[in-house]
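J.: Please work from the sequences and hints to get the whole structure.
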Amino acid sequence: MAFIKMEKHQDPKLVKEKIMEISLENNRANNSSPKKLANVAERLGGIEEYYFSTKLRQIDDMNKAGKQVINLGIGSPDLPPHPDVIKTLQEESAKPNQHGYQNYKGSPVLRKAISEWYEKWYHVDLNPDTEILPLIGSKEGIMHVCMTYINPGDVVLIPDPGYPTYKSAATIAGANVHAYTLTKGNNWFPDFEELEKMSLEKVRLMFVNYPQMPTGQLPSDNMFEALIAFGKKHQILICHDNPYSFILNDKPLSLLSFDGAKDVVIELNSLSKSHNMAGWRVGMLCGAKERIEEVLRFKSNMDSGMFLPIQLAAAKALKLGQDWYDSVNEVYRKRRKLVFDLLELLNCSYDKSQAGLFVWAEIPVKYKDGYELSDEVLNDANVFITPGGIFGNAGNKYIRVSLCATEEKITDALNRIKNKALA
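For what it's worth, the working numbering labels the leading residue of the sequence shown as 7, then goes sequentially.
There's no promise every hint is true.
To be verified - What follows is a list of derived Cβ distance ranges for each label pair: (1) Asp-131 / Asn-353: 47 to 53 Å; (2) Tyr-56 / Thr-189: 22 to 28 Å; (3) Pro-86 / Ser-59: 23 to 29 Å; (4) Gly-327 / Ala-44: 50 to 56 Å; (5) Asn-157 / Phe-346: 45 to 51 Å; (6) Glu-200 / Val-337: 35 to 41 Å; (7) Glu-125 / Pro-102: 30 to 36 Å; (8) Glu-207 / Ile-53: 23 to 29 Å.
Bear in mind the hints are in silico, worked out from the structure with no lab data behind them.
Glycine included, C-beta positions come from ideal geometry on N, C-alpha and C.
T.: Below is the structure:
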């Protein structure tokens with residue numbers, strides 16, 4: 007490294023020029039490059055942009071080219087919330103005192119409504135003051151849970167196939183993610199015998215989701231009891247993600263309704279699917295007082311509460327009766343029948359007892375995987391259906407079709423596929 011020797015009464019301008027010259031020499035000598043602005047953190051090294059984010063850009067480009075793609079991929083309800091819910095939002099938003107920061111634990115009105123909703127439909131007793139934490143959507147709850155409980159190197163169990171956010175959130179939090187495989191032969195349930203063969207000492211957290219997405223599989227009492235016993239035996243926190251329990255399902259079930267569940271279980275839930283409020287971002291975390299307090303330590307540093315009129319409108323939604331759920335499911339049943347016809351046209355096989363916003367179907371053997379079939383249908387018929395492989399390797403031979411499109415659009419998709427003779 008070069009240095010500059012200062013002489014007495016040396017011209018400051020010459021000194022400055024000499025310093026710059028030496029600095030350039032040192033940079034060249036060290037073969038150094040200029041500092042980059044805001045390098046992406048290493049924690050995002052294994053995280054790709056969400057599949058649907060990139061796919062929607064492709065579909066948008068196709069639409070700009072005049073293709074008019076019918077999107078049967080994403081589970082975003084196209085039906086509106088109940089009129090009384092919208093009216094509550096309008097009325098509360100018009101009040102001048104409803105626009106400030108909110109309680110980090112959520113409005114007492116909303117927490118009480120969640121407690122009563124859980125008691126009425128799931129037969130679960132929750133203390134509204136200590137066992138419920140409203141969320142700005144349950145998806146953020148997945149991240150909160152991971153950041154609260156995972157240290158670098160801890161192991162997190164995620165289902166395969168399963169919701170991709172479980173993996174990405176756990177990875178960002180520093181976990182080693184291990185997938186446990188779900189199969190049709192085991193009713194898409196965890197294989198506890200196989201899990202017991204794993205090294206479970208470092209497992210801190212396990213994600214489960216029933217009715218299961220993407221398979222639509224409903225839970226059984228025996229499986230839920232075995233799940234709780236597994237968590238207790240190995241001191242693993244079970245996070246049950248439960249947003250689909252009211253869709254095409256006559257018996258909503260909460261994992262928290264089983265004896266001893268609060269010892270090892272926390273449950274995420276949402277109004278996105280059940281009340282057609284996906285864009286409103288209203289979810290909840292339920293569980294033991296200690297778990298709620300622990301997650302709140304993280305969440306309270308991430309946001310400043312949910313807009314109060316939205317919370318009050320959500321409380322209104324949670325008071326809706328059986329007629330609301332019946333009306334929503336009647337629409338989905340009609341759409342599902344058309345999706346069954348579409349899948350038969352594609353020679354796919356499926357289970358008619360599925361619940362939730364999608365139909366999961368096994369592809370014909372002539373296709374290498376669901377991506378191939380999905381791309382063929384998109385490119386030849388301008389209809390998008392989701393390849394099952396985005397949910398994990400166990401989904402490679404499957405596709406998933408959303409019910410969040412009108413009967414007219416699904417019929418149009420049917421006709422397009424029929425006219426292209428894709429079957």
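J.: Each of the hints needs a verdict: does it hold here or not?
T.: Verification of the supplied hints:
no.	hint	verdict
1	Asp-131 / Asn-353: 47 to 53 Å	holds, 48 Å
2	Tyr-56 / Thr-189: 22 to 28 Å	holds, 26 Å
3	Pro-86 / Ser-59: 23 to 29 Å	holds, 25 Å
4	Gly-327 / Ala-44: 50 to 56 Å	holds, 51 Å
5	Asn-157 / Phe-346: 45 to 51 Å	holds, 46 Å
6	Glu-200 / Val-337: 35 to 41 Å	holds, 39 Å
7	Glu-125 / Pro-102: 30 to 36 Å	holds, 34 Å
8	Glu-207 / Ile-53: 23 to 29 Å	holds, 26 Å
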